[in-house]
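> Sequence:
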Amino acid sequence: MNWTDERVEKLKRLWADGLSASQIAAQLGGVSRNAVIGKVHRLNLPGRAKAGGATQAASRPQARNTSAPRAPNFAARATTASATRTVTRPVGATVVKEEIEIEVTQQPEFEAPANVVVPMSRRLSLTDLTERTCKWPMGDPLKDDFHFCGAESGESSPYCRYHARLAYQPVNERRKAASMAAAARA
DNA sequence: CCCTGATTCGC
DNA sequence: GCGAATCAGG
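Numbering (full-length UniProt numbering), first residue to last: 1 to 186.
Simulated from the structure, these hints should not be mistaken for lab results.
On a predicted model such as this, the values are computed, not experimentally measured, just so you know.
Treat the hints loosely; a few may be bogus.
Quick list of simulated restraints, FRET-style, between CB atoms [stated by the list, open to error]:
1) H41 with D144: 41 to 51 angstroms
2) T130 with V8: 35 to 45 angstroms
3) N34 with D5: 18 to 28 angstroms
4) S157 with N2: 27 to 37 angstroms
By construction, the Cβ of each residue, glycine as well, lies at the ideal position given by its N, Cα and C atoms.
With the hints as extra help, turn the sequences into a complete structure.
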């Protein structure tokens with residue numbers, strides 16, 4: 001795949017946003033994370049932390065807004081909706097009846113997660129889930145457009161590769177990335 | 001094992 | 001220029 005101006009621009013934006021190389025690769029499509037990293041270097045984009053001082057302190061991917069049109073007067077309170085549903089599904093020869101409680105915390109509306117990469121979703125409804133589908137909930141559980149990611153999850157995780165990362169990691173994994181580069185070189 | 005970015009080097 | 005392979009670290 002060619003590095004068109006468009007794709008390069010997207011790369012620059014996503015990299016500046018603090019997405020990892022693999023996330024960017026997934027978003028661009030058709031390239032590996034190595035390709036992304038290679039391109040980043042070739043473009044001389046600022047590494048995650050390099051040049052001179054090895055210690056990187058200020059890595060705040062959150063500081064996106066410049067002229068942030070922060071919502072005027074929202075109650076600074078997140079609403080929490082929970083729904084409990086009972087679902088039955090076959091597991092081997094038996095039928096498992098389980099109660100699934102879903103809690104969704106809704107920020108007042110803004111909070112567009114530009115960092116989240118979701119390669120695909122099959123928009124499965126609750127009853128369509130199987131042992132191997134990603135159970136990452138999407139949308140409002142109380143609305144009828146609620147669905148699950150449904151991507152291939154494998155058998156060891158309830159989520160697909162990407163949602164597993166979201167579920168098990170604090171979103172911000174990039175801490176000390178380049179400390180070894182300067183040090184290890186001999 | 002999963003992941004991260006960095007570097008090398010044949011193409 | 002490109003990116004797979006490899007490296008170094010978490």
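> So, for every hint listed, does it hold in this structure?
Verification of the hints:
In this structure the hint that H41 and D144 lie 41 to 51 angstroms apart at CB holds, the actual value being about 48 angstroms. Separated by about 40 angstroms at the C-beta atoms, T130 and V8 satisfy the suggested range of 35 to 45 angstroms. At roughly 21 angstroms, the beta-carbon separation of N34 and D5 lies within the given 18 to 28 angstroms, and the hint holds. Checked against the hint of 27 to 37 angstroms, the pair S157 and N2 passes, with Cβ atoms roughly 35 angstroms apart.
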